[in-house]
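> Listed below are the residues making up each chain.
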Amino acid sequence: MKNTTGMFALPARILHWLMAAMILAMLFIGVGMVASVSERHEWLLRIHKPLGIAILLLAVVRLAVRLRHPPPPLPADLPMLQKLAAHASHWLLYALMIAMPLVGWAMLSAGGYPVMLGASLRLPAILPASATAFAIMRHLHSWLALLLFLTFLAHLAAALYHGLIRRDGVLASMVGGSRKS
Amino acid sequence: MPDPHASPTPPARHPGAWALILAVPTACALALAYVGGWLSPQRLTPGRIVDQFQQNAGVHPGYRRNHAKGVCVAGYFQSSGEAAPYSVAQVFAPGQRTPVVGRFAIPGSNPYAPDGSVPIRSMALRFALANGQQWRTGMNSMPVFPVATPQAFFAQLQAGQPDPATGKPDPAKLAAFFAAHPETAAFRAWAKTAKPSASFATDSYWSLDAFVFTAADGAQHAVRWRMAPESVDGAAAPANDPDYLAADLRQRLAHGPLHWKLLVTLARPGDPTNDATKAWPADRTTVDAGMLVVESEQPQDSGPCRDINYDPTVLPNGIEVSDDPLLPARSAAYADSYLRRTSEEAHLPGTARVDTKPQAEARP
Numbered sequence: 000m001k002n003t004t005g006m007f008a009l010p011a012r013i014l015h016w017l018m019a020a021m022i023l024a025m026l027f028i029g030v031g032m033v034a035s036v037s038e039r040h041e042w043l044l045r046i047h048k049p050l051g052i053a054i055l056l057l058a059v060v061r062l063a064v065r066l067r068h069p070p071p072p073l074p075a076d077l078p079m080l081q082k083l084a085a086h087a088s089h090w091l092l093y094a095l096m097i098a099m100p101l102v103g104w105a106m107l108s109a110g111g112y113p114v115m116l117g118a119s120l121r122l123p124a125i126l127p128a129s130a131t132a133f134a135i136m137r138h139l140h141s142w143l144a145l146l147l148f149l150t151f152l153a154h155l156a157a158a159l160y161h162g163l164i165r166r167d168g169v170l171a172s173m174v175g176g177s178r179k180s
Numbered sequence: 000m001p002d003p004h005a006s007p008t009p010p011a012r013h014p015g016a017w018a019l020i021l022a023v024p025t026a027c028a029l030a031l032a033y034v035g036g037w038l039s040p041q042r043l044t045p046g047r048i049v050d051q052f053q054q055n056a057g058v059h060p061g062y063r064r065n066h067a068k069g070v071c072v073a074g075y076f077q078s079s080g081e082a083a084p085y086s087v088a089q090v091f092a093p094g095q096r097t098p099v100v101g102r103f104a105i106p107g108s109n110p111y112a113p114d115g116s117v118p119i120r121s122m123a124l125r126f127a128l129a130n131g132q133q134w135r136t137g138m139n140s141m142p143v144f145p146v147a148t149p150q151a152f153f154a155q156l157q158a159g160q161p162d163p164a165t166g167k168p169d170p171a172k173l174a175a176f177f178a179a180h181p182e183t184a185a186f187r188a189w190a191k192t193a194k195p196s197a198s199f200a201t202d203s204y205w206s207l208d209a210f211v212f213t214a215a216d217g218a219q220h221a222v223r224w225r226m227a228p229e230s231v232d233g234a235a236a237p238a239n240d241p242d243y244l245a246a247d248l249r250q251r252l253a254h255g256p257l258h259w260k261l262l263v264t265l266a267r268p269g270d271p272t273n274d275a276t277k278a279w280p281a282d283r284t285t286v287d288a289g290m291l292v293v294e295s296e297q298p299q300d301s302g303p304c305r306d307i308n309y310d311p312t313v314l315p316n317g318i319e320v321s322d323d324p325l326l327p328a329r330s331a332a333y334a335d336s337y338l339r340r341t342s343e344e345a346h347l348p349g350t351a352r353v354d355t356k357p358q359a360e361a362r363p
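Same order as they appear, the protein sequences are chains A and B. Residue numbers for the first sequence follow numbering that gives the first Met the number 0, so the first one is 0 and each next one is one higher. Residue numbers for the second sequence follow numbering that gives the first Met the number 0, so the first one is 0 and each next one is one higher.
Bound conformation, chain A alone:
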């Protein structure tokens, strides 16, 4: 099903902006909680785990929406390198929004922690307890978070570039409203 509207489908736009807010919040929560010794550490940690699982579930829904409703094509006059960067960064974002919660879940499992999403809702372990696996997963969680944040910054800069410099309708296709300014 080819996209001929020049816009992202409404479900795709809703998921994009909802998850943008959730993922950005998640990055700030994660960085804040590990740098804090105050009661913020506790309540941020309490938000972090269920929010991460929510992002994982929404990312799967979003992939399905993307397959069902392909995104509008990039402008034909966009240089090849920029097209490549756009596609690569989008798939990297998808990969990271699925990998981050899974790595976090695996890390808690390997550390022997119960994976609690609330007072009594518990997820099963997805890795056996292992100090080595814990350490690797815990570091991976930080490095992937950094990569996700840098990819987000590039995505943000590229969106602004499309909207302010090229004015080629790419930003509008996700923001909604009229196609060309």
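These are calculated hints, taken from the structure and not from any lab test. Heads up, the beta-carbon is just placed ideally off N, CA and C, and yes, glycines get one too. One thing to keep in mind: the hints can contain errors.
As the list claims (entries may be wrong) - What follows is a list of derived Cβ distance ranges for each label pair:
1) 63/A to 215/B: 37 to 43 Å
2) 162/B to 119/A: 48 to 54 Å
3) 39/A to 157/B: 42 to 48 Å
What the hints assert, rightly or not - In silico contact screen, one side only, chain A against chain B (beta carbon under 10 Å); selected entries:
4) 11
5) 28
6) 40
7) 134
8) 137
9) 157
10) 162
11) 163
Given the coordinates of chain A, work out where chain B should sit on it, guided by the hints.
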């Protein structure tokens, strides 16, 4: 720098647009850096607390950064059911038996410190509840903690940093710390008469921090708890032996299990839950929640307690943290210490090699 590609927009509008494209992501990056503490090196972070432990006693790769010297134990908790009216935690259900993996230790970051060097012993427990939830607790053999906040705790660690000239803490700095922290008075009064015990088995272990029990009807009770020993043959520690505690434990367990009663104290309104330096009045209702039975011990470098982070905020449904400011700080600092030592266990690049030789030598 205008876009080299032709664009219908007049070039005069580009500088502002480019500035915005640069400024928005930069502002995001700065905000994250601020939240992460990278712009404020004076902020107390878990990493700075653990760094200070390493300053005070050196780095001992693979070991916990505090309470480094210890021994693993295993056993179970047999619930009496008497705490069940106050907490829905499955561990308190009448007749419930919950397996426990624990650890006895002495405070300090040196895994080779003589057992008699401090009058404090600690007991850490992980209860593995049948429903998959866990209760982790770290208790000390003293009724009050010296300080009430992570900031004061950090200041105490700094004051205790050995002077490079003498290899001992500077008495003037310690005196200045205690003068500036009158809340340490109750702990110091206890420490004045406390003697290093000859056995882990004869000590009481206090939760120190307050927690909150939630009952089936939603009622909440602030609590503290302690493990009260059945063994009361307390004796003075043997002189000239740096490693008597593990040997004593092994000897006692060869003759049978060791027992502690879990005594839960219920606060009355107004009792401080956010200040571990203040004991609650002695007349508070105390519930005998059941019996901890310790059946076996294992060396800590290969035993099942090795890879457990005894984070006291890992709690089952029915027990919650209180407003005690030490609890989140303990959780955050333990997590940092756990990552450092598991990274060393995993031989990850950039970590120190696991220090096993002296441990092997110390073992009979």
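> Hint by hint, note whether the structure agrees.
The hints, checked one at a time:
no.	hint	in the structure
1	63/A to 215/B: 37 to 43 Å	holds, 41 Å
2	162/B to 119/A: 48 to 54 Å	holds, 51 Å
3	39/A to 157/B: 42 to 48 Å	violated, 23 Å
4	11	violated, 23 Å
5	28	holds, 9 Å
6	40	holds, 4 Å
7	134	holds, 4 Å
8	137	holds, 5 Å
9	157	holds, 9 Å
10	162	holds, 9 Å
11	163	holds, 4 Å
Hints 3, 4 from the earlier list are contradicted by this structure; the remaining hints agree with it.
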